[in-house]
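Visitor: These are the residues of each chain, in order.
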Amino acid sequence: MNASFFSNWRAKLTSILIAFAFWWFLKSQLEPNFFQKAWQLYTLQQLNETTAPPAP
Amino acid sequence: MNWINFMLQYWRWWLEIAILSLMFYGIYRLIHGTRSASVLGGLALVISVLWIFAKWLDLVVLNQLFQTLLTSLPILLVVLLQQEIRQGLAGLSLGNFFSRNRNRTATIEAIVGSVESLSEKRMGALIAIQHTMSNQSVVESGVLLNAAATEELIETLFYPKTPLHDGCIWIENDKVVAAACILPVTQRESLHRSLGLRHRAALGLSEECDAIVVVVSEETGIISICHKGNLERPLNPDQLRQRITDILLERKNV
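Those protein sequences? They're chains A and B, same order as listed.
Mapping of the first sequence onto my numbering: position 15 corresponds to residue 15, and the numbering continues sequentially without gaps.
Here my numbering = 1-based position in the second sequence + 56.
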């Protein structure tokens, strides 16, 4: 791996954190409670998969 | 394991965050060390604090104002960062991509040789080497030459009491395009008092475009280099050669 990949790591980490915060902000403006909804949907899917009747 | 599966299912989120991270890092690279960076940083801080405050206290009018501001943010950014955007787009152009790795060794040697000689003789010099972006206003402020960049010519141009010695020479495509050019002076106040007008002019130009500016101090003979708003000094001729080569061929973090 190129050594320069880790150079300027503070700026790269800050960019990722700012991007994450910005994305979260915009996403929650577009879909309020998007994370909770996605998590609920996911757990429901999991529940359906585990309790689904066996295929005939 | 549930968490990992959940995150994998929503891989589009990660893709969006990755693209946004790249965009933010690109903007950081563009504006790092320039005057706009501090203006933008201050503006972002003030707006963020006010916005959090308005949200927290549920101030309807302020919230509405910030919503409006958010929609006009792209225009504000373009106005604030016009220099940097131009610089970034110039770096992307196809012509630069093909000409970037052209052999510039002879010109670099001429510059380093003349700078070494001028430094020994304690003669002040200010040399701008164009990188990816032209600066027509600076070129037009001087006397047009269009002569091959040789060690003898550069040294002669900075010989005291000659009409062209005062100002900067602009080197573009291995030619001295103009001499006695007038450079913009940096507005930074945090500079050391020992740095005179020549160094401030070099910094001013390097904040405006991506040119490499080499300075020889008249008082001390110290060699400095300015690039993207950063001043490096003192340099010996070998370090200068290495630095110019690195920047022109973009081999290192520039």
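Just so you know, the hints here were simulated from the structure itself, not pulled from any lab data.
Predicted, not measured: the structure shown is a model, and the values here were computed from it.
Among the clues, some could well be false.
What the hints assert, rightly or not - Here are the simulated DSS-like cross-link-like pairs (lysine-lysine), alpha carbons at most 30 Å apart as the crow flies: (1) B/K217 <-> B/K177; (2) B/K177 <-> A/K37; (3) A/K27 <-> A/K12; (4) B/K177 <-> B/K111; (5) B/K217 <-> B/K231; (6) A/K27 <-> B/K177; (7) B/K111 <-> A/K12.
Visitor: Hints the structure violates: just list their numbers, smallest first.
Guide: Hints 2, 4 and 6 not satisfied by this model.
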